Amino acid sequence: MPRLTVADLQKIKEKYKADFTLREGGYTVKIIVHMGTCGIAAGARNIMTAVMEEIAKVNRNDIIVTTSGCAGLCAKEPLATVELANQPPVRYSDLTDEKIREIFREHVLGGKPVEKYALVTGCETTY
Amino acid sequence: MEKVRSHLMLCAGTGCVASGTTKVKAALEEELAKKGLSEEIKIVLTGCNGYCAEGPVMAVYPEEVFYQKLTVEEVPKLVEEHFLKGRPYQKLMFREPEKKTAIPAMKDIPFFKHQVLRVLRNKGLIDPEKIEEYIARDGYQAVAKALTAMTPEEIIKTVKDSGLRGRGGAGFLTGLKWEFASKVPSAVKFMLCNGDEGDPGAFMDRSVMEADPHSVIEGMIIGAKAIGANYGYIYVRAEYPLAVKRLRMAIDQATEAGLLGKNILDTGFDFELDIYLGAGAFVCGEETALMRSIEGKRGMPRPRPPFPAVKGLWDKPSVLNNVETLAQISPIILNGSEWYRSLGTEKSAGTKVFALTGAVNNVGLVEVPMGIPLRTIIYDIGGGIKKGKKFKAVQLGGPSGGCIPEHLLDIPVTYEDIVATGAIVGSGGMVVMDEGTCMVGTAKFFLEFTADESCGKCTPCRVGTKILLDMLTDITEGKGKESDIATLEDLSRDIITTSLCGLGQTAPNPVLSTLRYFKHEYESHIHQKWCKAGVCRNLTTFWIDEKLCKACGACLRACPSKAIVGEKKVPHKIIQELCVNCRTCFDTCKFNSIRILPAGFEGDPNEFLAKTAAGAKEEK
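Respectively, the protein sequence lines represent chains U and L. Numbering-wise (the numbering used here), the first sequence opens with residue 1 and increments by one. Numbering-wise (the numbering used here), the second sequence opens with residue 1 and increments by one.
Please keep in mind that the hints were generated in silico from the structure rather than gathered at the bench. This structure is a prediction, so every number in the text was calculated from the model and none was measured. The beta carbon of each residue, even a glycine, is placed where N, CA and C say it ideally should be. Errors might be hidden in some of the hints.
To be verified - Derived pair list, reagent style DSSO-like, types lysine-lysine, alpha-carbon separation capped at 27 Å:
(1) U/Lys17 - U/Lys112
(2) U/Lys11 - L/Lys100
(3) L/Lys100 - L/Lys77
(4) L/Lys183 - U/Lys13
(5) L/Lys183 - L/Lys262
(6) L/Lys183 - U/Lys30
(7) L/Lys262 - L/Lys316
(8) U/Lys13 - L/Lys130
(9) L/Lys3 - U/Lys57
What the hints assert, rightly or not - Computed footprint of chain L on chain U, listed as stretches where at least three residues anywhere in the stretch have a Cβ under 8 Å from a Cβ of chain L:
(10) 7-20
(11) 24-32
(12) 51-62
Take the sequences, apply the hints, and build the full model.
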């Protein structure tokens with residue numbers, strides 16, 4: 001590490017912000033990919049990968065991704081839930097790589113739920 | 001793929017490493033790779049999490065799920081359930097002793113819930129071996145503020161106003177100590193850190209040095225600026241290899257980053273820091289002895305005054321602060337003295353870290369605001385006494401401290417209130433004892449330690465502690481004399497008033513405080529040859545109450561000297577000639593049918609016990 005100045009301390013703090021958003025909380029968007037056996041069989045793994053790629057592309061520190069178990073609607077897998085701060089969560093069903101990327105652009109980044117793919121709003125949250 | 005979606009904060013403190021962190025980490029890595037999760041889930045090794053009894057422990061973020069007692073065998077299931085499928089794995093979660101439901105979130109677990117973290121602010125949240133992670137949590141911001149925007153007088157005033165008192169034991173005001181040293185003119189001064197933690201059962205400082213070494217270094221830089229020192233040492237015992245390793249690493253990183261050495265952060269201030277390894281002598285925790293040890297001489301105290309602030313290391317003005325004290329400096333500088341005073345009491349501000357050990361359910365490191373009742377620490381955080389036994393006393397302050405009995409458990413934990421009981425806050429060792437503890441034996445244990453660790457320079461400590469120890473040994477062996485209690489009290493006071501340093505001045509405290517609250521135990525040892533707790537072998541007779549015995553055979557099987565006879569449905573009996581008084585049967589019996597009587601007891605046990613019980617009631 002080169003010698004630091006006072007300004008560098010702040011820069012390092014910014015650089016590590018994503019790590020500490022995960023550990024300390026303070027995220028604004030949470031995306032839950034349902035990865036029960038049924039979800040994985042229906043392709044949830046690809047949905048997860050797509051989400052992670054999209055986040056990496058936009059370089060946002062305040063979006064976190066978690067997994068959760070079977071949501072009970074095995075016929076409509078893969079499912080994912082998007083929770084924006086202070087808004088009811090929206091659950092999407094029958095997802096594909098393209099659909100989730102569209103949801104990411106419109107809902108996560110744009111703030112507008114994509115109604116045509118939405119199954120329900122205001123579902124339960126996970127711990 | 002760059003995005004990491006989850007961090008597994010695996011504890012790599014000494015306790016958890018001993019319970020298998022390294023193997024668990026390898027298993028986790030292997031399993032995550034198998035499931036293709038290596039890139040999106042990151043394992044971070046942290047310093048001590050504090051919940052040492054159930055290690056290895058791990059916190060999973062962002063869900064904040066807490067796992068304990070991890071094993072290599074459970075890892076595949078854990079990875080599949082939680083990290084792949086998102087179902088937190090109940091089997092490895094915390095459970096309350098009496099209720100069997102699993103508690104997933106760290107913030108809901110009683111052990112963590114009641115704690116307020118200031119000293120341990122980074123515990124389990126950062127990788128102590130990476131300076132960047134420390135900086136990301138506001139690390140070195142206080143150094144930047146102190147070196148660029150504050151004068152030494154302002155730093156001292158802030159620390160003084162905060163009311164921060166030295167956490168090493170004596171509780172002297174840190175700001176005042178700094179002020180004394182700052183006013184002594186000298187071209188060379190020293191800023192020192194005392195990491196010579198020696199109390200049996202105490203491990204607060206080790207944990208801070210392991211989990212957050214930069215917080216200690218940062219406090220030292222600020223202290224050095226305040227008193228005008230350009231050189232410093234961290235004195236740490238060689239028995240703390242992990243702490244030494246992490247401190248060295250932290251010093252190297254900070255030096256490379258220009259946070260130590262010449263011209264820190266381009267402010268023109270120089271501070272060079274080194275580590276000095278102690279050989280583990282208890283007396284070297286005393287400040288003047290510690291300084292002699294750094295000079296390469298035999299670690300022995302010298303009379304004060306002159307105080308180290310005037311003549312310290314190599315006779316130069318020096319300040320010695322404890323690890324925990326130094327770790328609190330940077331938040332005080334950043335947030336101000338009022339913030340610090342928002343917790344604690346008028347005379348005991350802020351928080352204190354305790355090493356909670358002994359007969360409590362949750363053993364570990366706890367940080368609480370000063371002023372909370374002892375009972376909260378032992379029962380809410382500590383989860384009460386193991387195996388549902390009865391509380392007897394809590395020992396505070398190690399060999400310099402004393403025992404606090406049940407009826408004083410509601411006193412607030414402050415320097416003044418604890419001293420009033422005859423114990424001291426000390427460095428924060430808190431050993432909980434249950435009903436099966438002999439208090440004379442406890443005093444003897446601590447005297448064994450201090451008599452052994454006495455450096456030998458002054459007679460009251462060298463000879464006095466040995467005589468105390470011999471008398472206590474005699475009492476526990478049944479050779480106690482009528483006059484012993486008065487002699488113990490007298491001698492203790494003499495040692496306290498005439499010893500040269502803190503070691504001798506406090507060594508008799510365990511004797512005095514057990515005499516104060518448990519004098520009846522000394523008396524029954526001396527007069528009746530009866531150790532009611534059944535610990536002192538020469539002072540017991542074990543006897544089975546046949547009316548209560550269920551003839552289950554448990555004690556019979558457990559007895560190492562085959563001194564118990566009996567069979568199914570026939571109440572058991574102890575053959576006194578074979579009994580070695582080891583108490584194994586007493587601890588084994590589930591029906592509470594074994595009684596402890598005086599040595600060489602003859603007569604009717606029932607009658608005797610009834611009479612003693614009535615006598616005890618009358619006394620009350």
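Of the numbered hints stated earlier in the document, which are not met by this structure?
Violated hints: 2, 4 and 6; rest satisfied.
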